[in-house]
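A.B. asks: Chains as they are written, first to last, in the working numbering: chain D, 1 to 198; chain G, 1 to 74.
To be clear, the hints were calculated from the coordinates, so they are not data collected in a lab.
A virtual CB, placed ideally from N, CA and C, is assigned to each residue, including glycine.
A hint or two may mislead.
[Claimed, not checked] Here are the simulated distance ranges between beta carbons: (1) G:Phe55 / D:His191: 29 to 39 Å; (2) D:Phe4 / G:Arg59: 30 to 40 Å; (3) D:Arg74 / G:Glu9: 56 to 66 Å; (4) D:Arg74 / G:Arg36: 29 to 39 Å; (5) G:Leu8 / D:Leu171: 20 to 30 Å; (6) D:Tyr190 / G:His15: 46 to 56 Å; (7) D:Leu70 / G:Asn46: 31 to 41 Å; (8) D:Val27 / G:Glu52: 13 to 23 Å; (9) G:Asn66 / D:Leu70: 27 to 37 Å.
[Unchecked claim] With a cut-off of at most 27 Å between alpha-carbon atoms, the simulated BS3-like pairs for lysine-lysine come out as follows: (10) D:Lys88 / G:Lys44; (11) G:Lys21 / D:Lys100; (12) G:Lys70 / D:Lys100; (13) D:Lys103 / G:Lys44.
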Amino acid sequence: MKKFLKINSYISKFLLYSIPIILIVLVWASFQNQQQVLDMNNSIIYFVWNLISIYFLVWFFFLIYFLIVLVFSRQFRENILIKFSGIKERDERETYINGKACKSTFFSTIAILLLLLFLTVVNIQVIHLSPENAIDNKRRQISISLSLKFFNFDSKQKKDKNGTILSIHKLPLTTEATIILIILWQILSYHYFSRKNN
Amino acid sequence: MGNLPVTLEIENKIHVFRAEKRITQQQLASAIGVTRTTIVAIEKGNYNPSLELAFRLARYFEVDINLLFKVKEN
């Protein structure tokens, strides 16, 4: 386990310290496209571009690995997120304060998520009716409705002009489905971890 | 449910024993393995230590725990 955490620690440091290079790659790519670089065949710029592209690819795959391990390894998650969030837990008093702060954060997050869920599913329309459609001579109408969809698949599988075979872009879940899942996860995981730490 | 109030106010004499021993809050904190802010909070009465920490403090000052902590009489 210690070796596993050590390796993951090195990977985290690699990801963090590579951020300046990745930013350079992203900025460069926004100014110059692939075709322009390929046209500069055998130049230093072409060589550097290839080198940085490979570096970016390696960084990208380590990032995917890092994110997956972050979800599934409790020890690693705590090590990383304690630094990320600036949480201090040096003695019992700080542990006690963290517990109270986490409880407040938990409740306020669920409250905000419930509000966001409501705002996502509710539709309010104020309609100005034409005279012929007026009801009891009243021409203003308020319509309140709820809509709840869980999935958001593209109905048509369009084949790109460039012949794209696979395109991964966003989760196929609607906003309301994502919010509901996060609320459920918060509550279920709280109870699970409470029992586990009992 | 009983005659005891729901919460007890606990007072301590840590600052007295610390002064007798002529040590700073930081030195005491380092000796018993907590942060200086915890010692400050305990001395001010803003935080009640756990049983374990209370015994560690008593052991450090070489006094009985009842001399160090007691329930405040109203």
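A.B. asks: Is the gap between the beta carbons of Tyr190 of chain D and His15 of chain G within 46 to 56 Å?
C.D. replies: The hint (46 to 56 Å, Cβ to Cβ) is violated, given that Tyr190 of chain D and His15 of chain G are roughly 39 Å apart.
A.B. asks: Do the beta carbons of Phe55 of chain G and His191 of chain D sit within 29 to 39 Å of each other?
C.D. replies: Holds - the Cβ-Cβ distance for Phe55 of chain G and His191 of chain D, about 33 Å, lies within 29 to 39 Å.
A.B. asks: Could one say that the CB atoms of Leu70 of chain D and Asn46 of chain G fall in the range 31 to 41 Å?
C.D. replies: The hinted range 31 to 41 Å holds for Leu70 of chain D and Asn46 of chain G, with Cβ atoms some 36 Å apart.
A.B. asks: Given the hint of 30 to 40 Å, check if Phe4 of chain D and Arg59 of chain G actually sit that far apart at their C-beta atoms.
C.D. replies: holds, 38 Å
A.B. asks: Compare the distance between the alpha carbons of Lys88 of chain D and Lys44 of chain G with 27 Å, and conclude whether the hinted pair is satisfied.
C.D. replies: Holds, at about 21 Å.
A.B. asks: Going straight from one Cα to the other, do Lys103 of chain D and Lys44 of chain G come out at no more than 27 Å?
C.D. replies: Answer holds: Lys103 of chain D to Lys44 of chain G is near 25 Å, not above 27 Å.
A.B. asks: For the hint 27 to 37 Å, verify it against the beta carbon of Asn66 of chain G and that of Leu70 of chain D.
C.D. replies: About 48 Å separates the Cβ atoms of Asn66 of chain G and Leu70 of chain D, which means 27 to 37 Å is violated.
A.B. asks: Using the C-beta atoms of Val27 of chain D and Glu52 of chain G, is the stated range 13 to 23 Å upheld?
C.D. replies: violated, 54 Å
A.B. asks: Check the following: the C-beta atoms of Leu8 of chain G and Leu171 of chain D are separated by a distance inside 20 to 30 Å.
C.D. replies: Hint violated: Cβ distance 52 Å, outside 20 to 30 Å.
A.B. asks: Is the straight-line distance between the alpha-carbon of Lys70 of chain G and that of Lys100 of chain D 27 Å or less?
C.D. replies: holds, 26 Å
A.B. asks: Kindly confirm whether 29 to 39 Å is satisfied by the beta carbon distance between Arg74 of chain D and Arg36 of chain G.
C.D. replies: Once the Cβ atoms are compared, 31 Å apart, the range 29 to 39 Å for Arg36 of chain G and Arg74 of chain D holds.
A.B. asks: Given the hint that Lys21 of chain G pairs with Lys100 of chain D, does the C-alpha gap stay at or below 27 Å?
C.D. replies: Violated, because 34 Å separates the two Cα atoms, which is more than 27 Å.
In the structure shown, a violation is registered for the earlier hints numbered 3, 5, 6, 8, 9 and 11, in ascending order.
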